[in-house]
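These protein sequence lines are chains A, B, C, D, E, F, G and H, in that order.
181 is the number that UniProt numbering gives to position 181 of the first sequence; each next residue is one higher, with no gaps.
193 is the number that UniProt numbering gives to position 193 of the second sequence; each next residue is one higher, with no gaps.
200 is the number that UniProt numbering gives to position 200 of the third sequence; each next residue is one higher, with no gaps.
178 is the number that UniProt numbering gives to position 178 of the fourth sequence; each next residue is one higher, with no gaps.
213 is the number that UniProt numbering gives to position 213 of the fifth sequence; each next residue is one higher, with no gaps.
49 is the number that UniProt numbering gives to position 49 of the sixth sequence; each next residue is one higher, with no gaps.
147 is the number that UniProt numbering gives to position 147 of the seventh sequence; each next residue is one higher, with no gaps.
64 is the number that UniProt numbering gives to position 64 of the eighth sequence; each next residue is one higher, with no gaps.
No wet-lab data here; the hints were simulated from the structure.
Hints are supplied without guarantee of correctness; some may be wrong.
Stated by the list, open to error - Below 16 Å or equal to it, Euclidean Cα-Cα: the simulated EDC-like pairs (lysine to aspartate or glutamate) are: (1) K114/E to E100/E; (2) K67/C to D32/C; (3) K163/D to E147/D; (4) K114/F to E147/F; (5) K67/A to D117/A; (6) K163/C to D32/E; (7) K163/B to E147/B; (8) K163/A to E100/C; (9) K85/D to E100/D; (10) K163/F to E147/A; (11) K163/G to D32/D; (12) K85/C to E100/C; (13) K114/B to D165/B; (14) K163/H to E100/G; (15) K163/H to E147/H; (16) K67/B to D32/B; (17) K85/G to E100/G; (18) K163/E to D32/F; (19) K114/H to E147/H; (20) K163/B to D32/H; (21) K163/F to E147/F; (22) K85/H to E100/H; (23) K163/D to E147/B; (24) K67/E to D32/E.
Chain by chain, the residues run as shown.
8 protein chains.
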Amino acid sequence: MMTTQEILEAVAAGQLSPTAATAQLEATQTADLGFANVDLSRQHRNGFPEVIYGAGKTAPQIAGIIKAMTPQTTPILTTRLTAEKFAALQPALPTAVYHEAAKCMTVGAMPTPKSTDYIAVVTAGTSDLPVAEEAAVTAQAFGNRVERVYDVGVAGIHRLFAKLDVIRGAKVVIVIAGMEGALASVVGGLIDKPLIAVPTSVGYGTNFQGLTALLTMLNSCASGITVVNIDNGFGAAYSASMINQL
Amino acid sequence: MMTTQEILEAVAAGQLSPTAATAQLEATQTADLGFANVDLSRQHRNGFPEVIYGAGKTAPQIAGIIKAMTPQTTPILTTRLTAEKFAALQPALPTAVYHEAAKCMTVGAMPTPKSTDYIAVVTAGTSDLPVAEEAAVTAQAFGNRVERVYDVGVAGIHRLFAKLDVIRGAKVVIVIAGMEGALASVVGGLIDKPLIAVPTSVGYGTNFQGLTALLTMLNSCASGITVVNIDNGFGAAYSASMINQL
Amino acid sequence: MMTTQEILEAVAAGQLSPTAATAQLEATQTADLGFANVDLSRQHRNGFPEVIYGAGKTAPQIAGIIKAMTPQTTPILTTRLTAEKFAALQPALPTAVYHEAAKCMTVGAMPTPKSTDYIAVVTAGTSDLPVAEEAAVTAQAFGNRVERVYDVGVAGIHRLFAKLDVIRGAKVVIVIAGMEGALASVVGGLIDKPLIAVPTSVGYGTNFQGLTALLTMLNSCASGITVVNIDNGFGAAYSASMINQL
Amino acid sequence: MMTTQEILEAVAAGQLSPTAATAQLEATQTADLGFANVDLSRQHRNGFPEVIYGAGKTAPQIAGIIKAMTPQTTPILTTRLTAEKFAALQPALPTAVYHEAAKCMTVGAMPTPKSTDYIAVVTAGTSDLPVAEEAAVTAQAFGNRVERVYDVGVAGIHRLFAKLDVIRGAKVVIVIAGMEGALASVVGGLIDKPLIAVPTSVGYGTNFQGLTALLTMLNSCASGITVVNIDNGFGAAYSASMINQL
Amino acid sequence: MMTTQEILEAVAAGQLSPTAATAQLEATQTADLGFANVDLSRQHRNGFPEVIYGAGKTAPQIAGIIKAMTPQTTPILTTRLTAEKFAALQPALPTAVYHEAAKCMTVGAMPTPKSTDYIAVVTAGTSDLPVAEEAAVTAQAFGNRVERVYDVGVAGIHRLFAKLDVIRGAKVVIVIAGMEGALASVVGGLIDKPLIAVPTSVGYGTNFQGLTALLTMLNSCASGITVVNIDNGFGAAYSASMINQL
Amino acid sequence: MMTTQEILEAVAAGQLSPTAATAQLEATQTADLGFANVDLSRQHRNGFPEVIYGAGKTAPQIAGIIKAMTPQTTPILTTRLTAEKFAALQPALPTAVYHEAAKCMTVGAMPTPKSTDYIAVVTAGTSDLPVAEEAAVTAQAFGNRVERVYDVGVAGIHRLFAKLDVIRGAKVVIVIAGMEGALASVVGGLIDKPLIAVPTSVGYGTNFQGLTALLTMLNSCASGITVVNIDNGFGAAYSASMINQL
Amino acid sequence: MMTTQEILEAVAAGQLSPTAATAQLEATQTADLGFANVDLSRQHRNGFPEVIYGAGKTAPQIAGIIKAMTPQTTPILTTRLTAEKFAALQPALPTAVYHEAAKCMTVGAMPTPKSTDYIAVVTAGTSDLPVAEEAAVTAQAFGNRVERVYDVGVAGIHRLFAKLDVIRGAKVVIVIAGMEGALASVVGGLIDKPLIAVPTSVGYGTNFQGLTALLTMLNSCASGITVVNIDNGFGAAYSASMINQL
Amino acid sequence: MMTTQEILEAVAAGQLSPTAATAQLEATQTADLGFANVDLSRQHRNGFPEVIYGAGKTAPQIAGIIKAMTPQTTPILTTRLTAEKFAALQPALPTAVYHEAAKCMTVGAMPTPKSTDYIAVVTAGTSDLPVAEEAAVTAQAFGNRVERVYDVGVAGIHRLFAKLDVIRGAKVVIVIAGMEGALASVVGGLIDKPLIAVPTSVGYGTNFQGLTALLTMLNSCASGITVVNIDNGFGAAYSASMINQL
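One chain only, chain A, in its complex shape (with noise of 0.2 Å):
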């Protein structure tokens, strides 16, 4: 694929007119489906591949998707994808894999990780696990080691210190957690390390579907966290994947 530079360096040759390079430019960065305008210029743009965001997607629409990505893109990616839509797509894609716990699909092999430096994936609770899953696959799907440390929420801390080398060792480290979410502020305190906070709706009441999690990772008063969306095991994972291999 020519970069938008090489195009540019084209047209000022006169080896291209203006016109024939925009559509050519276009034709090569997207797939026009109808329903979708699949962005195959990202993993170029941004360093990794577009993923399928299941959710607001019809089993026929994600399987177009896939299609229109095969030849470029492994693995592919599809994130919240309930079961039952696993299970309609998986004729039509015999080499899928799902991740239930993660509700993650994956199309093509696991890449082997690019490197030794890995990722911790912690959470507070037991109930934290899907979203933990998600930030997993993903990462794993990106190329990176990943190491799980879970259950380790402040209400017991004990457990939180017996596992705090394998978090300190990692090069950035995803922090999730629902209720008050006050174990990002704890690890915080306790690395040296970029750490990605992500609140999870794990709660009732007042927790109001994770928002009160959010609140507190935003305002920790231990500095190094950033945070993202709630549930948003997805998006810790891509951001964590770009500092790990950096």
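Chains B, C, D, E, F, G and H: place on chain A using the hints.
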């Protein structure tokens, strides 16, 4: 002062007409100042005398209420009193003492603690000090021993562990924190005594003047935590005092 | 089980290497089930054993946690357990008892109260009953005597006055109310004991699933009131139990 | 002034052209001052004359509106008027009276009450007084007898019972309360007359400038309660006056 | 039934011991069903009997409460009753009538109106009908004449003007509107009678389940408007009935 | 149909009594169906006929309204109609057409566009399609040419630039976006035509069902943007149609 | 100024190197002042020149931006400018005119209207005037005829009907209202032109600084209404100007 | 300074008693000033020294903390420091430098960047400058090279494209924006590096002091974006510095 029960029995004995009983009952319990209906029977009914909330009252109103309470109550505590208002009150109340950090005034000698059991007042940061002092002075005015443990927030959690013995030795613990308020959860997970959490309005942005700390505390994953209104050091001390003196 | 202090002294005495000490310390305190890190030292640290929050866990997860806790804890309390989930658990836990109104399960005999001091559990209306029973069963499982005073809301305040003696006789009072939650203020003004207020999600429209009752309770003009999260009967009982057993 | 119906009949009788009728109708009903379109037919249409909301207007604007209303209305009531603005108005309005506690001004003599039926204005605390006085002065300016019952909040509920006869004797009751606003529910449960509740912005923290009291009143478990905007003493008096004069 | 005053006088006369008086007083006023404390003295105290809020109760609970109220009250009104729950109740209550549009049930004959004064129930749209019917049936059950004026929202304001005479003829007007709720302001500007506004949860997006209509009504530029909770047709009718029967 | 002015002139000429005029005026403008007051004069007054909002109505109600509108309006548009409700309506409305993606029904032939001026309907993602189709079908039913530009969100901004000519050629542009809604700002900065922004409820967590996109659009740093309610494709098309046909 | 297309064609013709083209393109479009990057190509791209938002800028910054824009733009409009800041600017900008009610400044002569089509600026009350004037002055600075219709709120709806002809004669209508904002719905139901609604921050209590009026307008039952941010008179005028000049 | 591990090993070797070890550990890590507990081991633990948040502290408190930190830390950074407070500090801190635009003070020489890798600090508008400078000065104080790219908001998106090379060349990008905050999404879609978004409180009305920009950034359709609290330039720089120095 006759109790309600005694008055009713006097009515039953024909020693008191219903109308007279009603009048007497009210007269002994309330001092009607026009602008205020001072509740003189609160100590009898609630265990502690009425405390004057200074924020919504003028200096003359405060002086009038103190005068009405004087024969019965000592010390008389006024909270949320600015230094300016105290200066205006001083000529009329020459024995009054102003507790500047707490923004409280006491009229009458502070009591000696009723026992060696103590209330620990713990803060996350330096900025939480005014609320902490309101709590501490209130608790002392109600006859409690108080131990202050300040600036032990979770961003440097070793500071907390260094003071853990003092906290664990208390009969009841007040934890005061702004920003994300995570200190309450961490302390709550480490002690076996009742913990009253006070969110403070310290912070900025999505702290929302203390709302974030309040939500954190209400959703704590640690058990044994109850919560009062934002910046309500007085209220926390009132409940802690009830518990400390059980 | 050795205390932390004993382990450290053993280290100092050369009887235990730091590495071994750490391992042993953790091993004795935590049961790592993969999906959960059961906190076995909580009773030692917090005075009461870990309680299982049933809402976020599958039946096999609950069964596994109970098995890990079994030798050390009795009774084992599970809250927020649906009748369906209990039915699934029954074969594996033949001695388990389901408290339907409370949606709680206990495994192991309920303790006899440790003293005649009691916790009063007071509700405003009939609809607050599930939260009240969660509180009452929790308190009983922790060894407290409980007195229930139900449906005495302020719309018919004579119902409250008729039960005032039972309320005033308690060592600590739990007031549970939905809608506007005014009962907490009224009771708070009439007693001289700690009051823990529990807002419930009973109501409609601007009740906002209990938020209005919560705000009412946090802003009560009566003193001596602390508050827990919406519908958190368990949390109120936990704190009340700590106070009742001081 | 001709009524709308009379004008239409004049049109039907050919005594008035549609264009002329429209013009006359408008001319008799509105005084266009450029900056304001004074509604002169409001008393005819709504039973009470237009009242000037002083907060959003300059002193010259207020003076101009009063001049336009003068021949038809007495007394002319201006609400939310600061002492400073009143001082600026006094030279132009020598007969004006300033009601300081109410922050209201009246021009023209206050009417004698139209009957012995009265409106009870009840407050929870001393700080609710400005709103209460706005309500009381408004009601009096509209020709009602008013009974004031101040500082009878539920933290000392015996103060309320001592004044219950005055409250029960009213034809309509206005209850004014800040903080948690529980007084409305308690009074509502004790009377058989319409109750208009006014939340005030008295409080701090999660009081949210009166929002908590408003929510409490909207969700009252007692029936027969309707609510107006925060601090809207005028609006409560307006409705109460309509009811009192039925 | 003896009044409180009569009982107290009997105590004074030595005809009744305080203990006995208390017991009798309570016994005559409350029917304790275990799950509920039915308030039998409400009609005496508040002018209207207790009404059963069906939403939070099981069919057996409702049947039990109705049985306890039966000798004293007629008709007995139950609101927020689904058709399914009514079907379950019918065998036990053969004379019960279900008002489907209102989701209300009455047991006992509806009273004939006590006067020709009437309550106008006005709605903005077709979707506001269930709330309007709850209001209308409640008002009729309390002995009021009701006039319904439906679907006259401001998007086609000529529909309102066509019905203005019926609205203006009422002694009190209930305006029921969802979406932006502007109808209350427009009607309020056109009448000289008390107006009770009921926001409904009709709308989508930023309507926030009726919150927008509520806020509109609380902030109305027209005077004489008071407001009840979202969808609270019952509450509006209760207050309107008090006013209509003054 | 006579205009209001013509009727008034007939009254002035004595050809019509005021009573008769009123009756006729109303009769010609409104069809009172009991459950609805169909506004038949809306096209005359507002330029477009009344459109049926299907969400809050039963199939028989919709059928009744369509019958009342039939002689005067074509096509008759119903929005927010589920496939199930359409199926129930089909026997009664054999010529009705269901636009599935838009969840709209039209009865009567779609008009040919009144000019070549067109409305561009632009979406950020695939999930915004239902709202976009509601807008597009509405605009077509009102006689406008529509150009659809779908899935050009800012995460792959080259997709937008590739379609910029179509967008710039429109007389008015509708931009439809969920999540963070940034597309409206970007398009607004690139065109010189009115832009109507429609936030959609696509997203999760702090998206708050479209509130975030709404706030983004209201606060856009680009000028020339106005906003409608969340998911209100119909409303955007209505306004766009007015502008396109100026 | 060369258009983007012309520059690209020059590149294609070899008359311009890609690097030079980029530099020139940027240079002609932006004036980099260090503290600001003035967008000089906005009129070309968006139809109207950049307008200076005065609130966030110092007087020297404003003077600098005006100097950079001077050769190309006339008049240069600055909004949200306090009288104090204008006084500081006057020496440097001797020809500047300050529109006090609008808090706007113009440098350069106001244009004569481009046509007789006009924008009606309608307000509910006197307090909405500053926002209305910001809208009116902006519209005039952009070459539009403006008709002002002030203080016609729905509390006295006859005032609105008296001015209906002026409103109906406009090509586009701006409705500006605070408090409950109902005027937008009423006007929207009476006209057949695009209506842009501007909520203002006029009100108190649950008005929430204009949020209530905003919500009212977004949820209007009338069609053809779009909305801008609270107090955004400028934004409404910008869109209205685009529509008026189509 | 001994590490925790070294201390424990000394304990194991019998060279240090547990009590002495605890004391020493604490003493080396904390400077207890009474009003503050300065965390001296933060650089060791978190990679960067403690930074003084100036907003909540008096000048003497700041001076005291700086004195305690002086031997170990350089430079010492104080954020959120007003010019007035700096003036009060200057006599005691003659070498202190005030960064006015950033409202930060540094004591001790700024370090030279540790590498040529740089952090790009990008802003949408001129008003975002204070937050941007806080970020830039913080990053420089931590030893990073910084490139500033200011005023490139999406309303004139060509300004952004002109600076894209500088942004793409960074190792990590900080995007700072108020109003609707759309710039973060646009930049996020164009780069392949971690992006930290900082919402600012620039805006009005429904901007809600930065909440809108925060929500926009949390919901971005572009991946690789993490977010910090409103106006938290320091926090963004802290995390960016960690990443830049990996």
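Do the hints match the structure? See the list:
In summary, the hint linking K114/E to E100/E is not supported, as the alpha carbons are separated by about 25 Å, beyond the 16 Å threshold. Between K67/C and D32/C, the direct Cα distance comes to roughly 12 Å. Compliance with the 16 Å bound is thereby established for this hinted pair. Distance restraint check for K163/D and E147/D: the Cα-Cα separation of roughly 11 Å lies within the 16 Å cut-off, and the hinted pair is therefore satisfied. For the hint linking K114/F to E147/F, the alpha-carbon distance of about 15 Å falls within 16 Å, and the restraint holds.
Between K67/A and D117/A the CA atoms are separated by roughly 33 Å; this puts the pair beyond 16 Å, and the hint is violated. Taking the CA atoms of K163/C and D32/E, the gap is near 12 Å; set against the 16 Å cutoff, the hint holds. The hinted pair formed by K163/B and E147/B meets the criterion: a straight-line CA distance of about 11 Å does not exceed 16 Å. A threshold of 16 Å between alpha carbons decides the hint, and for K163/A with E100/C the separation of about 39 Å lies outside it, so the pair is violated.
At most 16 Å may separate the alpha-carbon atoms for a hinted pair to count; K85/D and E100/D meet this at roughly 12 Å. At roughly 44 Å between alpha-carbon atoms, K163/F and E147/A are farther apart than 16 Å, so this suggested pair is violated. Straight-line distance between C-alpha atoms of K163/G and D32/D comes to about 12 Å, which keeps the hinted pair within the 16 Å bound. Under the criterion of a C-alpha separation no larger than 16 Å, the hint pairing K85/C with E100/C is consistent with the structure, at around 12 Å.
Under the criterion of a C-alpha separation no larger than 16 Å, the hint pairing K114/B with D165/B is inconsistent with the structure, at around 22 Å. For the hint linking K163/H to E100/G, the alpha-carbon distance of about 39 Å lies beyond 16 Å, and the restraint is violated. Taking the CA atoms of K163/H and E147/H, the gap is about 11 Å. The hint holds against a cut of 16 Å. Straight-line distance between C-alpha atoms of K67/B and D32/B comes to about 12 Å, which keeps the hinted pair within the 16 Å bound.
Taking the CA atoms of K85/G and E100/G, the gap is near 12 Å; set against the 16 Å cutoff, the hint holds. Restraint check for K163/E and D32/F: satisfied, since their Cα atoms lie roughly 12 Å apart, inside the 16 Å limit. Distance restraint check for K114/H and E147/H: the Cα-Cα separation of roughly 15 Å lies within the 16 Å cut-off, and the hinted pair is therefore satisfied. The suggested pairing of K163/B with D32/H holds, with an alpha-carbon distance near 12 Å, which does not exceed 16 Å.
Among the hinted pairs, K163/F with E147/F is consistent with the structure: their alpha-carbon atoms are about 11 Å apart, no more than 16 Å. For a cut-off of 16 Å, the pair hint linking K85/H to E100/H stands: about 12 Å separates their Cα positions. Between the alpha carbons of K163/D and E147/B the distance comes to roughly 44 Å, so the proposed pair goes past 16 Å and is violated. For a cut-off of 16 Å, the pair hint linking K67/E to D32/E stands: about 12 Å separates their Cα positions.
Against the hints set out earlier in the document, violations occur for numbers 1, 5, 8, 10, 13, 14 and 23.
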